[in-house]
Amino acid sequence: MSDLPKLVRKFVFDRFLEQSHPPVLEEIMTRFELDGPTAFGVLKELHDSHLLVLLAGSQRILMAHPFSSIASPFEATISNKKYFANCAWDAIAFHVMLDKAVTIDSFCHHCAAKIKIQLRNNKTVLSDPKEAIVFIGVPAARWWENVVNTCSNNMVFFCSKNHMEEWKERNLGQTGETLSIDQAIKLSIPLYKDKMKLDYVRPSKDELNNHVKSMGLTSDFWKL
1 MSDLPKLVRK FVFDRFLEQS HPPVLEEIMT RFELDGPTAF GVLKELHDSH LLVLLAGSQR
61 ILMAHPFSSI ASPFEATISN KKYFANCAWD AIAFHVMLDK AVTIDSFCHH CAAKIKIQLR
121 NNKTVLSDPK EAIVFIGVPA ARWWENVVNT CSNNMVFFCS KNHMEEWKER NLGQTGETLS
181 IDQAIKLSIP LYKDKMKLDY VRPSKDELNN HVKSMGLTSD FWKL
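Numbered according to my numbering, the sequence shown terminates at residue 224, and the numbering increases by one at each position without gaps.
Read the hints as simulated data drawn from the structure, not as lab findings.
Don't take each hint at face value.
[Claimed, not checked] What follows is a list of derived Cβ distance ranges for each label pair:
#, residue 1, residue 2, range
1, C111, T38, 42 to 50 Å
2, H21, N209, 31 to 39 Å
3, N210, K100, 26 to 34 Å
4, E166, F32, 45 to 53 Å
5, Q19, H50, 21 to 29 Å
6, I189, G41, 30 to 38 Å
7, M215, G36, 39 to 47 Å
The beta-carbon is built from N, C-alpha and C at its ideal position, and this holds for glycine as well.
Starting from the given sequences, assemble the full structure and let the hints guide the process.
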């Protein structure tokens, strides 16, 4: 990747971190002295590289994982600043990306009961309820087929495995895998720990597959 897309990506992430929302196209044009088509071309390159997600049919930034530009049921608080995450996994990934204590406020996807999670030093220090889990409803190889659907509807919290099973009974045909909160922290490391750095590069599929296997997640569901 050339220097300009790297700089624009870093600008987007820095703006999210500072203001909890992304820059608009015109701000990118001004910051980097670009015309509109060139600026949008850079955003499209970042979108195609899975480094951010554009709102379909627009020039607006919808996601720069873990940041969401719209309200979601996944709120992360870091140093008294609140951010919306795209999914349950992203809410946890804030801790890995920023290496700071994070408080997550969310809901059970089945009963809407509140869930509060606190993370510090790469581990869970509070989970209320204690049985809260992360549910992933789309196999890893298909996450980017429709990343909005994957994040919004298929990477969620349940307050317990029992509630997940009740939800499955009401949604016949729904399959997926679960992660503990600490497993989700570990899963985040290769994808998120360097995201705020200028020279961030997405890990390769082989690197990610090896990391997942090292966690004991060996079913085909996790294979990219």
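Verification of the hints:
| no. | hint | in the structure |
| --- | --- | --- |
| 1 | C111 to T38: 42 to 50 Å | holds, 49 Å |
| 2 | H21 to N209: 31 to 39 Å | holds, 34 Å |
| 3 | N210 to K100: 26 to 34 Å | holds, 27 Å |
| 4 | E166 to F32: 45 to 53 Å | holds, 51 Å |
| 5 | Q19 to H50: 21 to 29 Å | holds, 23 Å |
| 6 | I189 to G41: 30 to 38 Å | holds, 32 Å |
| 7 | M215 to G36: 39 to 47 Å | holds, 44 Å |
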